[in-house]
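Enquirer: Model the full structure from these sequences, guided by the hints.
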Amino acid sequence: MPHGNGTFGVRLAERMRSRGKLCVGIDPHPALLREWGLTDDAAGCERFALTVLDAVGETACILKPQVALFERHGSAGLAALERLLADAADREVLTIADAKRGDIGSTMAAYADAWLRDGSALAADAVTLNPYLGFESLRPALNLAAETGRGVFVLALTSNPEGADIQHAQVRDRPADGAPGGATIGHAVAWIIADAAAWENRDAVGLGSVGLVVGATAGAAVRTLGLELGKLNGPILAPGIGAQGAGRAEIIDTFGGASALVLASASRSILAAGPDHGRLRAAAELALAELGN
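Everything in the sequence shown is counted per our numbering, starting at 312 for the first residue and increasing by one.
Simulated from the structure, these hints should not be mistaken for lab results.
Listed below are the simulated EDC-like cross-link pairs for lysine to aspartate or glutamate, each with C-alpha atoms no more than 16 Å apart in a straight line:
| no. | residue 1 | residue 2 |
| --- | --- | --- |
| 1 | Lys-411 | Glu-382 |
| 2 | Lys-411 | Asp-424 |
| 3 | Lys-411 | Asp-338 |
Across the chosen pairs, the derived CB separations fall in these ranges:
| no. | residue 1 | residue 2 | range |
| --- | --- | --- | --- |
| 4 | Gly-537 | Leu-444 | 21 to 27 Å |
| 5 | Gly-317 | Ala-420 | 21 to 27 Å |
| 6 | Arg-559 | Arg-402 | 24 to 30 Å |
| 7 | Ala-571 | Gly-537 | 19 to 25 Å |
| 8 | Glu-393 | Ala-583 | 23 to 29 Å |
Keep in mind the model is a prediction, meaning the values are calculated, not measured.
In this text, a Cβ means the ideal position worked out from N, Cα and C, and glycines have one as well.
Expert: The following block contains the structure:
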């Protein structure tokens with residue numbers, strides 16, 4: 312079982328109250344590795360990741376390693392990620408594996424097994440998922456997350472311009488489970504998560520463990536698509552803070568009454584301050600102050 316008591320949502324809600332709502336990305340991009348004086352290999356990624364953990368693990372609400380940047384170094388890169396996740400768990404630092412996995416049937420079950428199963432070397436407190444093979448395709452991950460007390464974040468609205476081609480598309484036929492006909496795909500994802508009680512106990516105390524990924528600069532799309540994010544029972548992971556231009560004003564504009572659910576995710580604006588621990592910690596504290604928490 313993941314560390315701490317209760318479900319991921321309960322643990323996350325407590326951490327948000329005590330530390331604020333900052334999620335710090337651990338993104339060992341080649342350029343950042345060079346700037347930090349590290350080699351662009353698995354050893355460099357591990358040193359980078361553990362430095363971030365040491366510097367901001369007790370400041371941030373949660374840490375989010377970008378899985379692809381470890382995978383690019385093969386099995387040694389994944390071993391570095393495993394070390395990070397294990398050390399974070401030992402220190403009771405919450406983690407989101409930013410893997411964006413999505414498939415069907417036994418393949419989705421295998422992804423769930425990797426990222427959400429007790430005893431897996433890759434198990435994090437939560438994982439990001441891609442719903443675009445159909446929300447029902449996520450059932451193996453949703454079920455295993457509920458069983459192990461972990462969480463998932465389902466991609467809904469991303470900040471990249473190309474995402475709108477799919478995320479804003481109209482659903483021609485009436486979606487399953489009675490969602491309104493003509494709803495956008497993003498609307499359908501939000502509607503199902505908000506209203507499908509089968510995924511988790513809606514009467515549970517605290518935040519739910521099934522959340523959405525919605526870009527912090529997606530305010531116009533949220534309004535245009537009519538997404539009622541305030542009905543969501545789980546957290547909202549909001550990339551785009553800091554280097555991508557979003558701050559407290561954009562969070563309020565995008566999420567309105569749902570702002571209390573938002574985990575604001577920052578990466579480059581904090582990581583650029585490394586490798587010095589004090590500067591990294593100061594950058595995280597500045598981001599928290601700018602968010603007003």
